[in-house]
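S.K.: Just need the whole structure built from these sequences, with the hints factored in.
Sequence order for the protein chains is U and E. One point on numbering: in the working numbering, the residue at position 49 of the first sequence is 228, and numbering is uninterrupted. One point on numbering: in the working numbering, the residue at position 118 of the second sequence is 898, and numbering is uninterrupted.
The hints are simulated quantities; they were obtained by calculation from the structure and are not laboratory data. Just so it is clear, the structure is predicted and the values come from calculations on it, not from any experiment. Virtual Cβ for every residue (Gly too), placed ideally from N, Cα, C. Errors might be hidden in some of the hints.
[Said to hold, decoys possible] Below, computed lysine-lysine pairings styled on PhoX-like, alpha-carbon distance capped at 25 Å:
1) K281/U <-> K940/E
2) K801/E <-> K820/E
3) K281/U <-> K801/E
4) K281/U <-> K304/U
5) K239/U <-> K281/U
6) K269/U <-> K304/U
7) K235/U <-> K190/U
8) K281/U <-> K820/E
9) K952/E <-> K860/E
[To be verified] So the derived list for chain E, only partly shown, Cβ under 7 Å to chain U, looks like this:
10) G812
11) A813
12) S816
13) F903
14) V904
15) E905
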Amino acid sequence: MSVLTFIIVGKRDNPLYELVWQMRKDEPAHLNQFVIHAALDIVEDHVWSTQNMFLKTVDKYNDLYISAFSTASNVKLMLLHDSRSEDSIKGFLSDVYELYIKTLCNPFYDVGTVIHSTSFDARVKSLAKKYFGG
Amino acid sequence: MSQQAKNLQRAGDIAFSKMEKVNSELLSLTYGAMVSQLVKEFEDAAEVSRQLEKMGYSIGQRLIDELLAKANVSACEDFKDTAQTIAKVGFKMFMGINASVANVNEEGTEFSLLLEDNPLNDFVELPEHLADLRYSCIYCGVIRGALEMVNMRVECSFAKDVLAGDDSTEIKVILVDKLEDEFPFKDA
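M.R.: Below is the structure:
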C-alpha cells in the first residue's frame, strides 16, 4: 500500500508538521493537503464518539482513505493513504505520538508552533519507511 | 583505577544512597523551563551562559559545605585529589552522574571531567539560533563556587557537549591560584 501524506494539526486547526510522499500525476497540486484538511471536521466528531486516541479511518475521498489519531490535548495526527492496513497505520501513528511527546518536553519548543526540528523530521521519515516501506 | 579513587567512589555511592531523591524528569523539565525563560529575557546565548554560570556559582558556595558534611571524605592532598573528589563524590552524590577525571596535566593544575550522562539534557534539542548556548553551564559555576570556598580559584568551561553535537560531555577545570585565608581583623 502506499501512503501519500501525513500531517500534524494543533488544537486550533493550525498545521504543526507536514510530510508528503507522493503526488499523483493527474491531480492538481496540493490536492492531498486539501483533502486531508477537509477531513478535520469529521475527526472532531469522531473524537466524541470513542474513548480511544486512535480513530481508525474517519473519511474517504474517491479511493483515498484518511485515518486519524487524536491526542489528549486535541492535537491530531492524520494520514492519507490508499488502502486499508490498520496495524501498520496504528503502529506508525503511535510511534509518531511518542516522538511528539518527546518534542513537547524540549524546553525550547513553544507548544502549538510549527515543529522545525530536523531530527524530528528525519525520525518521522524513518518510521514511515519502517512501517510502509519507502 | 587507583585505590584512592576506588575509596572515593565508594564514598560517593554511599553518600548518594543516603541523599533524598527527586524525579529526574521533574529536574530536567524545571531546569529547561528556567533556561528557556532566561533565553526569552536575554536573547543572547553567551549572556544566558554567563547567567547560568553565576547561578551555579552561588549554588556551589553553599553546596561545598553539604558535600563535606554528608560525604565521608578526608582532606585532599593535592589538586588531583580534588579532581577525583569532585568527579566520584560530588557529581555522584548530588546528581547521580558517574564522572571520571582525565587529561591531568603535568603540574597538576588542570584536569577534565568526563560525564557519562547528564540528566539535565534529557529531551533537550538546541535550536539553531542558540547553537552557542552552554546549556549545562550551571555545573561550571557550581565547581567554581565550591572550590573558591575552599581557597582555590579555578576557571571552568565546557570542552565538549553532547547538545552541541560532540560525542561526550567534558568540563575543563584550570587552577588559577590558591587563595589565602582572609582574616577580618588586622593586628594592631
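S.K.: Confirm or reject each hint.
M.R.: Going down the list of hints, with the structure as the test:
| no. | hint | verdict |
| --- | --- | --- |
| 1 | K281/U <-> K940/E | 24 Å, holds |
| 2 | K801/E <-> K820/E | 30 Å, violated |
| 3 | K281/U <-> K801/E | 23 Å, holds |
| 4 | K281/U <-> K304/U | 16 Å, holds |
| 5 | K239/U <-> K281/U | 31 Å, violated |
| 6 | K269/U <-> K304/U | 16 Å, holds |
| 7 | K235/U <-> K190/U | 19 Å, holds |
| 8 | K281/U <-> K820/E | 21 Å, holds |
| 9 | K952/E <-> K860/E | 13 Å, holds |
| 10 | G812 | 3 Å, holds |
| 11 | A813 | 6 Å, holds |
| 12 | S816 | 4 Å, holds |
| 13 | F903 | 4 Å, holds |
| 14 | V904 | 6 Å, holds |
| 15 | E905 | 5 Å, holds |
In terms of the numbered hints stated before, the structure departs from hints 2 and 5, listed from lowest to highest.
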